[in-house]
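Asker: Listed here are the chains, written in short residue letters.
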Amino acid sequence: MLISCPYCGPRDVSEFTYQGDATRTRPDPASADAAAWHEYVYERSNEAGPHREFWQHAGGCRAHVVVIRNTVTHEISSVAPARGDRI
Amino acid sequence: MVEQMSPLGDAYVPGSHGNFADGTGVKISLPQPGSIVEATAWPGREAALAGAIERVTGLSLPHHPGGGVVTGDRSGFGIGPRKWLLTDAAEGLAETLRDALGIENGTVTDLSHGRTAIRLEGERAEWVLAKFFALDFSSDAFPVGSGRATMHHDILAQIQRTGPSRFNLYVFRTFARSFWRVLCHGAEEVGYEVR
Ligand SMILES: [Zn+2]
Chain A
7 MLISCPYCGP RDVSEFTYQG DATRTRPDPA SADAAAWHEY VYERSNEAGP
57 HREFWQHAGG CRAHVVVIRN TVTHEISSVA PARGDRI
Chain E
471 MVEQMSPLGD AYVPGSHGNF ADGTGVKISL PQPGSIVEAT AWPGREAALA
521 GAIERVTGLS LPHHPGGGVV TGDRSGFGIG PRKWLLTDAA EGLAETLRDA
571 LGIENGTVTD LSHGRTAIRL EGERAEWVLA KFFALDFSSD AFPVGSGRAT
621 MHHDILAQIQ RTGPSRFNLY VFRTFARSFW RVLCHGAEEV GYEVR
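In order, the protein sequence lines correspond to chains A and E. Quick note on the working numbering: the first sequence kicks off at 7 and runs consecutively. Quick note on the working numbering: the second sequence kicks off at 471 and runs consecutively.
Isolated chain E, as found in the complex:
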């Protein structure tokens, strides 16, 4: 059996860190979804892609830019014109969706091993994220389910709000350790728990 290794290596240290004497402001964790998939529709085939996504995942994705939804095991949000990022706790979503979509309607790219998902949650989550990204993280501007594609320095980050004070960040796996370290550093002042 092949051992699954974390891309974070020894940077992943469970426990409380930073200024946590009065409690931790955020929790940082690794959801490790089995599938991370980018799906793109050819121009004019958005409805076919949305239909295939709904048949395969049950996710009914809103069509406005950055619109998305989260269910128990699955999530999806818009990351660009005609493009969505989808996750599933189970492996194999790319193959299933590719078969359901058909190449005449669009493309499905399996990024499960190319991205790392990082979850940030807690009452100071908006505060910590606002240090890194020039986005409005208030829930009026960034409602639950919706997503944004942005970057921190040159590290592309796709961010979905999955709860009132919970976000999932998807970064390139090769940059995940570096990004994790800087995220933890930024969370030190509010105290953070890794788990």
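Isolated chain A (complex conformation):
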């Protein structure tokens, strides 16, 4: 599997570290809503198909990126800087 880093170009997946599901939204940090925190921390929908996820190019430029990866085919349809700024 190759991931096309916005800075470095296409690199082997072994240079990247998976950083988790990027579809979650963190509850208000001041909130004590146990159900909302439980859902944020533990609940995953386990999608079969395109999935939005965080990766870090740890063995390269070290940038964090948002990848849309098909969990069935491993096809990657999009890679973008996680913080949304220019490369």
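One thing to keep in mind: the hints can contain errors.
[Stated by the list, open to error] Just a few of them, taken from the derived set where beta-carbon distance is under 7 Å, the chain A residues facing chain E:
id	residue
1	65
2	67
3	69
Hints were generated in silico from the structure; no laboratory data involved. Note that the Cβ used here is the ideal one computed from N, Cα and C, for glycine as well.
Following the hints, position chain E with the ligand against chain A.
Answerer: Just chain E with the ligand now, with coordinates in the frame of chain A:
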């Protein structure tokens, strides 16, 4: 006076090695720059950092990813978004650049004792490097001056092409001896000279 020690210890053996009966395909050496510095701009402050680098070092760094330049004593190349790796034959670059940059524009980290620079040059340099890294080392894809951040197994390597058949590799000093040994092993088939 404190003795300066090589991180390579007894792995550094000057002379010709491997299959050198018909000449050596590469030379491997230790440039030992006095300064190795990582400079990072805060978002939106890239121009301020590039300006400070140019004032202090005279290096005019291109802005495209991996872009870099090499002059006699100094070098610089992009290693990530808003990040550059800079070297100087003289010590003290980190302090000078930190003063010129100002903390409102970015950070300067002195890696002079944290990295080891290894130079690989010769007509088989691309061939030897291609055994270790999944990168295109041809000069069209990897032009003189430019750099790449990659790794060999878990050893991070930042590589700059400093000439048509010459590369500098920067690796963590604690891994330098191990990496040096494996690099020499990979160069045996083409014959190599350590100096
Ligand atoms: Zn990258």
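Asker: Each hint should be assessed against the structure and marked as holding or not.
Answerer: Tested hints:
1. Interface hint at residue 65 of chain A: satisfied, since its Cβ lies 4 Å from the closest Cβ of chain E, which is below the 7 Å cut-off.
2. Look at residue 67 of chain A: its Cβ gets to within about 3 Å of chain E, closer than 7 Å, so that hint holds up.
3. Checking residue 69 of chain A against chain E: minimum C-beta separation of about 5 Å stays under 7 Å; hint holds.
Of the hints listed earlier, there is not a single one the structure fails to meet.
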